[in-house]
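A.B. asks: Sequence:
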Amino acid sequence: MTSEKFGGTHYLVRRAPGAVEVQWTWATLSGVIGTLLVTVFWNGILSVFWAGILSGKMPWFVVLILVPHTAAGLALIAAFLSILVNRTILRCDRQTVAVTRRPLPFPRPVALPAETIRRLKRTRDGESNGSERYRLAAETTDGRTVTLVHWLNDREYAFLSGLVRETLGLPASGLSINDRDTSGDGD
Numbered sequence: 007m008t009s010e011k012f013g014g015t016h017y018l019v020r021r022a023p024g025a026v027e028v029q030w031t032w033a034t035l036s037g038v039i040g041t042l043l044v045t046v047f048w049n050g051i052l053s054v055f056w057a058g059i060l061s062g063k064m065p066w067f068v069v070l071i072l073v074p075h076t077a078a079g080l081a082l083i084a085a086f087l088s089i090l091v092n093r094t095i096l097r098c099d100r101q102t103v104a105v106t107r108r109p110l111p112f113p114r115p116v117a118l119p120a121e122t123i124r125r126l127k128r129t130r131d132g133e134s135n136g137s138e139r140y141r142l143a144a145e146t147t148d149g150r151t152v153t154l155v156h157w158l159n160d161r162e163y164a165f166l167s168g169l170v171r172e173t174l175g176l177p178a179s180g181l182s183i184n185d186r187d188t189s190g191d192g193d
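So for the sequence shown, our numbering puts the first residue at 7; every next one is plus one.
What the hints contain is simulated information worked out from the structure, not anything from laboratory work. Don't be surprised by glycine CBs; every beta carbon is placed ideally from N, CA and C. Check the hints yourself; a few may be wrong.
[As the list claims (entries may be wrong)] DEER-style ranges, computed between Cβ atoms:
(1) P74 / V19: 22 to 30 angstroms
(2) P74 / E10: 40 to 48 angstroms
(3) A77 / G24: 26 to 34 angstroms
(4) P111 / G50: 22 to 30 angstroms
(5) V73 / A164: 41 to 49 angstroms
(6) A178 / H156: 15 to 23 angstroms
(7) H75 / R100: 42 to 50 angstroms
(8) P115 / M64: 39 to 47 angstroms
(9) T153 / R100: 19 to 27 angstroms
(10) G24 / T151: 23 to 31 angstroms
(11) L87 / T151: 44 to 52 angstroms
(12) S53 / T151: 35 to 43 angstroms
(13) G24 / L87: 29 to 37 angstroms
Make the full structure from the sequences, and use the hints.
C.D. replies: This is the structure in structure tokens:
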């Protein structure tokens with residue numbers, strides 16, 4: 007068992023012959039504080055409106071406006087809890103590549119049979135504090151692109167994609183060993 011650190015995130019790595027498991031938490035101080043502030047602000051404003059409606063000081067048609075905003079507030083609470091308590095687990099062996107989140111299953115788990123992975127892809131996910139963020143995705147033999155992990159910086163992407171490529175026996179280009187097409191670059 008080893009531990010790697012990139013940008014404040016600790017990756018716990020377990021290796022076995024032909025398999026690797028990587029775990030990491032989502033919680034960073036800036037992520038927790040930022041999400042908490044937005045969540046409290048948003049839901050605080052909503053509570054003022056709901057209090058006005060329940061006390062009879064606001065017309066009931068305002069409920070039509072508040073329902074979708076309340077759903078967004080609940081989504082913010084779920085996002086905050088996910089950031090606070092969740093852990094991502096990437097398991098890779100010669101049969102399967104699987105990504106799960108615990109204890110809250112958000113976003114959904116992903117599992118792909120290893121033989122269906124044609125190559126790994128990097129796609130731009132956005133920007134955070136002036137740093138590009140990327141998705142680690144698998145291009146399957148039937149042409150689908152399935153996101154495995156998102157919001158990675160350059161070093162995190164290189165680290166995780168390298169572990170998956172090494173375990174699956176994919177060359178640096180990302181093409182499958184059995185794939186005759188050599189035109190892809192993998193990134």
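A.B. asks: Could you run down the list of hints and mark each one as holding or not?
C.D. replies: Status of each hint after checking the structure:
no.	hint	result
1	P74 / V19: 22 to 30 angstroms	42 angstroms, violated
2	P74 / E10: 40 to 48 angstroms	41 angstroms, holds
3	A77 / G24: 26 to 34 angstroms	45 angstroms, violated
4	P111 / G50: 22 to 30 angstroms	28 angstroms, holds
5	V73 / A164: 41 to 49 angstroms	44 angstroms, holds
6	A178 / H156: 15 to 23 angstroms	22 angstroms, holds
7	H75 / R100: 42 to 50 angstroms	48 angstroms, holds
8	P115 / M64: 39 to 47 angstroms	42 angstroms, holds
9	T153 / R100: 19 to 27 angstroms	22 angstroms, holds
10	G24 / T151: 23 to 31 angstroms	25 angstroms, holds
11	L87 / T151: 44 to 52 angstroms	29 angstroms, violated
12	S53 / T151: 35 to 43 angstroms	41 angstroms, holds
13	G24 / L87: 29 to 37 angstroms	35 angstroms, holds
Violated hints, in rising order: 1, 3, 11; the structure is consistent with all others.
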